[in-house]
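Novice: Let chain A serve as the given structure and place chain B on it in line with the hints.
Read off the chains here:
There are 2 protein chains.
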Amino acid sequence: MKTQPDDLLPIGLRDRLPAAAANASAVEQAALGVMHSHGYDRVRPPLMEFETSLAGRMDGVSTRRMVRFTDPASLRTIALRSDMTPQVGRIAATAMAEAPRPLRVCYAGDVARLAADQLSPERQSLQIGAELVGSDGAAAAGEIVAVAIAALEAGGAQGISVDFTLPDLVDILSAKALPLEAGQVDAVRRELDTKDAGGLRDAGGADYLPLLYSSGPFEEAIDKLAAIDAGGALASRIEGLRQIAARVEGHARVTLDPTERHGFEYQTWFGFTLYAEGVRGALGRGGTYRIGGTDEAASGVSLYVDGLIDSLPEAVNGKVLFLPLSHDAMRAEALRGEGWRTVAAVSDQDDATSLGASHVLQGGAPVAL
Amino acid sequence: MKTQPDDLLPIGLRDRLPAAAANASAVEQAALGVMHSHGYDRVRPPLMEFETSLAGRMDGVSTRRMVRFTDPASLRTIALRSDMTPQVGRIAATAMAEAPRPLRVCYAGDVARLAADQLSPERQSLQIGAELVGSDGAAAAGEIVAVAIAALEAGGAQGISVDFTLPDLVDILSAKALPLEAGQVDAVRRELDTKDAGGLRDAGGADYLPLLYSSGPFEEAIDKLAAIDAGGALASRIEGLRQIAARVEGHARVTLDPTERHGFEYQTWFGFTLYAEGVRGALGRGGTYRIGGTDEAASGVSLYVDGLIDSLPEAVNGKVLFLPLSHDAMRAEALRGEGWRTVAAVSDQDDATSLGASHVLQGGAPVAL
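Chains A and B, in that order, give the protein sequences. Mapping of the first sequence onto our numbering: position 202 corresponds to residue 202, and the numbering continues sequentially without gaps. Mapping of the second sequence onto our numbering: position 80 corresponds to residue 80, and the numbering continues sequentially without gaps.
Keep in mind that the hints were calculated from the coordinates and are not lab data.
Covered by chain A, according to a simulated footprint, are these stretches of chain B (three or more residues, beta-carbon under 8 Å):
| id | region |
| --- | --- |
| 1 | 19-31 |
| 2 | 90-98 |
| 3 | 105-116 |
| 4 | 128-138 |
| 5 | 325-338 |
Footprint (simulated), chain A over chain B, 3 or more residues, beta carbon under 8 Å:
| id | region |
| --- | --- |
| 6 | 35-47 |
| 7 | 76-84 |
| 8 | 350-359 |
Note that the Cβ used here is the ideal one computed from N, Cα and C, for glycine as well.
Chain A extracted, bound-state conformation (with noise of 0.2 Å):
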């Protein structure tokens, strides 16, 4: 057998192979399963949809990057979903528009992109959600962050981490404690994102300097971050940041870092990122937003859980039953009924060893190789 050029996957696509693709397996089941035991109900939308539907949704959503064709039914444009969040608010402003809030979906599916970035050369992702819609208050966040940590446990990250920012700080400030002229909101913004003390200063951010410090472990970040908040701007914001943090104590150690906004092009007055020890780069994102459209109030994340995947041990192969040639069929039915897995023989070649197998079926019951 030969492998031909053919064969080979485009650049950021790939196979995964029994080994992975068992892990990937557990991963999206124990991530479902957590989110259904909190009340999540899943929800599958299409591979593809209108362009303008997934851009819609969602500030920050580029099309740019998605792979597009023109429907020949419509004579629109069509796109793959790069990101299935826009396609559940979709879902919730239309179809379930008429459910009882606080609604509760989560999703898992395959997301792909035309091109690749610099940052991750992958084309094609899992991503796994949960919406709570409805509600993007301390309580709505704080359950979407300890839902979100719960499915990374479950599908066996460690040494979790979450990261928690405020992506409309600097809108809240300089609309009162820290005023600033309509010229330099975004120049301070800016120097606060490269975390340039120098270029803040000259900005004419000089009073937003200690928000550059109020950065690290939760605990004493929130208390320098509320040290700032002399003219109790924040008093809200820092409540709802300590609220969600109880959540998750014991289980993810808290950051704060106030002023990060990368990736939070959508979030509202809350964002966190997700990450554990040993997996490269961020495991998933999410925070407090409003839907496109209808503009109702939301908390959500998104897990991207392939360096999770890749990161875990190969699984154990269990217990395989090999049944020889001319076995007994309802034998074998049974022991299937009874948990067991079996390969059987299509011709007296088939080796029991060589196809993994750790019993064989003699005289009707298994015998250990």
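Specialist: Below, chain B without anything else, positioned relative to chain A:
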């Protein structure tokens, strides 16, 4: 909340909302579970790959109806998979070329196509399949048929029937027992396809007329076929069919339509189609084939389970425990560990009954509503 025109999905695509999504996931997990118990390992190929790779592994796979686009990285054409079988064939022939034979692999995933056709308006389907690579004998084919039927049974299909065919029947007969002139073979095939007795006679295929009457319930039809087989050209085929039919006795009604070729463009000696009561159209199709490129013998089945999913009754909601605001989170976690599904209040307006709860947590214990 309003429904915008953009929220409508392209024709042939749809969302599965909670009740339907639960049935889809249940069917998928049940079918994969059956395949796993018979020794099939799941593989997860990507959503898309090079067009040549999807088309090259199997006769009869046309890329005309696939979603295709130019890969900006390689400048080659990538296609969205419209069938996962060629992907599994590629894996068997390359990455798993050295794995022991017979190789048992299974898969489940969404497949899509650019345009619908008259018979089926859907542009996305959930495909679940099993391939036994390394054998196309009656034992292998029989296992595939039996596993497919068990997978559909586990998914809730009732009144399953399976229709057998012999895709190379005319080749075999015309080569030996019932010779035809070279120019006649195609015409005879065509008339057999349309089951047109007059046309068959006109095409010079009078000897083939009895084949038109060798269809129907398996036992009678196979006897008729055997009676035609004067020269014994079909003896091994007939013996193989009997062996496969015996495998599924009691699990499915078996019929024979030996001249049916439609949908069996890449099958070799054996093909079959699966049906279930209350489900329109075929639920699956399979048979014996050879993997393109390596020409390795294989037996396999593809199940298209959307019709089955649509036919299932809505799952009954199980017990759901409402957790009031400021409930004991540890206690809730313990109850989920015992199997409870919970739904937590995120505001004091959240109503247990409208959220579908059957119980409410009071004093640390679930109390029926």
